[in-house]
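Knowing the structure of chain A, use the given hints to seat chains B, C and D on it.
Chains as they are written, first to last, in numbering that gives the first Met the number 0: chain A, 0 to 212; chain B, 0 to 212; chain C, 0 to 212; chain D, 0 to 212.
Note that these hints are calculated values from the structure, not bench results.
You may find that some hints are simply not true.
Said to hold, decoys possible - Pulled a few chain A residues facing chain B out of the computed Cβ check, cut under 10 Å: (1) V12; (2) F15; (3) S16; (4) L26; (5) L29; (6) N91; (7) T93; (8) I98; (9) A109; (10) G116; (11) A121; (12) V124; (13) L179; (14) V182; (15) W185; (16) A186.
Claimed, not checked - Cβ pair distances, simulated, as ranges: (17) L197/B / G192/D: 55 to 63 Å; (18) R165/B / T161/C: 35 to 43 Å; (19) V182/C / L29/A: 19 to 27 Å; (20) D157/B / A167/C: 29 to 37 Å; (21) T44/B / G51/A: 17 to 25 Å; (22) T35/A / L29/B: 16 to 24 Å.
Stated by the list, open to error - To be clear about the criterion: a stretch of chain D counts as covered by chain A if any three or more of its residues have a C-beta under 8 Å from a C-beta of chain A, and this derived list gives those stretches: (23) 85 to 92; (24) 104 to 113; (25) 117 to 130.
A virtual CB, placed ideally from N, CA and C, is assigned to each residue, including glycine.
Protein chains: 4
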Amino acid sequence: MAESRHLSDTTRVEAFSDGVFAIAITLLVLEIRVPTPDATEHGHTLLAALRGLWPSYLGYVLSFVTIGIMWANHHSIFHYIRRADRYFVLINVTFLLCISFLPFPTALLAEYLPEPGGRTLAVAVYSATLVVIALAYNALWWYAVAGDRLLAADADRDAVRTISRRYAAGPISYGISFGLAFVNVWASLAVHGLLAALYLLPERTSPGRPSRE
Amino acid sequence: MAESRHLSDTTRVEAFSDGVFAIAITLLVLEIRVPTPDATEHGHTLLAALRGLWPSYLGYVLSFVTIGIMWANHHSIFHYIRRADRYFVLINVTFLLCISFLPFPTALLAEYLPEPGGRTLAVAVYSATLVVIALAYNALWWYAVAGDRLLAADADRDAVRTISRRYAAGPISYGISFGLAFVNVWASLAVHGLLAALYLLPERTSPGRPSRE
Amino acid sequence: MAESRHLSDTTRVEAFSDGVFAIAITLLVLEIRVPTPDATEHGHTLLAALRGLWPSYLGYVLSFVTIGIMWANHHSIFHYIRRADRYFVLINVTFLLCISFLPFPTALLAEYLPEPGGRTLAVAVYSATLVVIALAYNALWWYAVAGDRLLAADADRDAVRTISRRYAAGPISYGISFGLAFVNVWASLAVHGLLAALYLLPERTSPGRPSRE
Amino acid sequence: MAESRHLSDTTRVEAFSDGVFAIAITLLVLEIRVPTPDATEHGHTLLAALRGLWPSYLGYVLSFVTIGIMWANHHSIFHYIRRADRYFVLINVTFLLCISFLPFPTALLAEYLPEPGGRTLAVAVYSATLVVIALAYNALWWYAVAGDRLLAADADRDAVRTISRRYAAGPISYGISFGLAFVNVWASLAVHGLLAALYLLPERTSPGRPSRE
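Isolated chain A (complex conformation) (with noise of 0.2 Å):
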């Protein structure tokens, strides 16, 4: 009885976490701005327009990846932790404010990438967002994980400590990229890409096999 409404705490923080990360990366696409027809004359105009979009598109599929991966993660997370308490739903709150936020980085990067003078600032604002993000999800990993706090009886502990390792990469990696914004923008906005692929590659317990089958 306990147990079942345990669970469904961590269901309806699932659920609203789900709503938030689809609307977040759902209003990524307004930041695309269409051109309006006075810009542009005829066809071969209206294409060189579309072609100068190329930052909003960059920021948008960087952007949407990024949250998509989150979300990923976030969705993964759920296999080990079957309970939620009051600070636990706090901390995802904090860190669902980070994710509600990447909209703006992600419209001040597609505006000012193509401007010599504002894309340093444009990338790091954007590199930092990602390493409070990061830090904030470690927060709530962490908080779980900690003397087996909302963890799963069964729960796999290896798993938990390779994923705390993974996961205690992200800061540091974004951290990198955020660095890198000063040298060369385009250095820092590789590193994202970069960790975006890493993210994919398989890893010894995955989200869709539960570890002790």
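Positioned in the frame of chain A, the structure of chains B, C and D alone reads:
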């Protein structure tokens, strides 16, 4: 059978409410406007422009945390409320109407906080909205618990009374912040921050732990 | 087994519909525009500007309550409908297309209600949209109940007939408000308010109480 | 136990996808802009302005129905797919990235359909987006059914083959509408309408009726 239908009712009320909470909380970021490149010449100026957006960041964090706490509370009362009738659903829709409205006073706050001539009214409108939200939330709770109308049969009556007292303090506290807006807007905003912090304190019956384990 | 799959179908139709309802209802607030500081010099002028937004508040409340009632009704028919087939899903998508469109006539109403030259058309478009929504809703209900196509085996036939009569009154009532728009816009809007109030009256078979307990 | 975890996986993938579908479909209305009162002097002119928005209405209906059908299809494949692994989740995120992008080409279509110089490109971009969406959708389905990777044990193999054939026609059909855009934009749009109508035809294995009852 009847019981399972009632539970299913509450489930869909919770799901719909979660949707509205999740969307209202995520729409807040749309109010933070990216500075236009025309208005900024180089990185330094962009930095100044981004700093100048502090009222938007403040409004975003304040409203996000407030909606987050409202969601967590709304979430936790369904440990006690297991059935929904027509009027409960309608009071809940009214409550959601107020929650959904919050992005408007938040944008008003962000726009007028730096304006000496408008900030009193902006903070007063923001506080007044929260008074109404808190009243609607109390109406929802009171309707459900009055005469045990929609309470779970096994709900802890002491816990219910504690929650009732706690919630009753909401409209009064926000009323104080409303009054303070006409004396000193920063004191009024400080009350909002303080109220958020107070909600984070543990209560006797935490939502994560059923009261009669 | 087959039965549980059917139920699961309805669950996802309900979940998707809830999502669309929740988003359409929450997007309404985006149509209320914060007055620009340039247009207002001091607190008094801001107060006047905020008062001048009354058509936006009116549109927000009217459309929010209308969508809220539509959602509550949509919610309650799934006490009787337990299965979904392809055509039911498609009629439901058409119904949602109309619901999602409502923010546009609401914004039109808010913009043109103070304009003597445009208000008749704005109120007529608003009412016409609700006629179409009510027709789509009736189509959804009629498709499900005709020949007991998708009704639950234990559905109370008397309750179903009562609901059918009630729903049939929707397009007619909104049709009257459409006609009234060309005579007097305020009388037309009063009908909208009256219809919302009428929906709040108890019906013989309340959605919270199954009909054959 | 393992089975129930797999089912739960699919549940959250479906819930997240439903969220993205619901938001993308509801955001479409934001692209229909209310004409400003300054541009219209009296009711007659507003009527003309509202008539002039026909490309926005067309784009809204076309994209709404398209996303609605995509959702219904996505919904129906989970009758056959009962498990989700890491790569399935990632292909699904990519598919959702394309779905979420649709409001942009829809707005482009609405803006440039009346412009002789831009309409070819606008319709081509719109069709190209649907080619990519259809390819991503096929990738999702093929990944799941190849070698019965994620199929339910009791899935009807004949039904699966029928669906595979049906889905494979999607990218080809949208490819034809892409090619037609350069010949005649109205013929290209007619193909879109026709494809929507074709999807409404009954298939041998309807989603509402499991294949082996």
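Structure-based check of each hint:
| no. | hint | result |
| --- | --- | --- |
| 1 | V12 | holds (8 Å) |
| 2 | F15 | holds (5 Å) |
| 3 | S16 | holds (8 Å) |
| 4 | L26 | holds (7 Å) |
| 5 | L29 | holds (7 Å) |
| 6 | N91 | holds (9 Å) |
| 7 | T93 | holds (8 Å) |
| 8 | I98 | holds (9 Å) |
| 9 | A109 | holds (8 Å) |
| 10 | G116 | holds (4 Å) |
| 11 | A121 | holds (8 Å) |
| 12 | V124 | holds (7 Å) |
| 13 | L179 | violated (16 Å) |
| 14 | V182 | violated (14 Å) |
| 15 | W185 | violated (16 Å) |
| 16 | A186 | violated (18 Å) |
| 17 | L197/B / G192/D: 55 to 63 Å | holds (58 Å) |
| 18 | R165/B / T161/C: 35 to 43 Å | holds (41 Å) |
| 19 | V182/C / L29/A: 19 to 27 Å | violated (40 Å) |
| 20 | D157/B / A167/C: 29 to 37 Å | violated (50 Å) |
| 21 | T44/B / G51/A: 17 to 25 Å | holds (23 Å) |
| 22 | T35/A / L29/B: 16 to 24 Å | holds (20 Å) |
| 23 | 85 to 92 | holds (count 5) |
| 24 | 104 to 113 | holds (count 4) |
| 25 | 117 to 130 | holds (count 5) |
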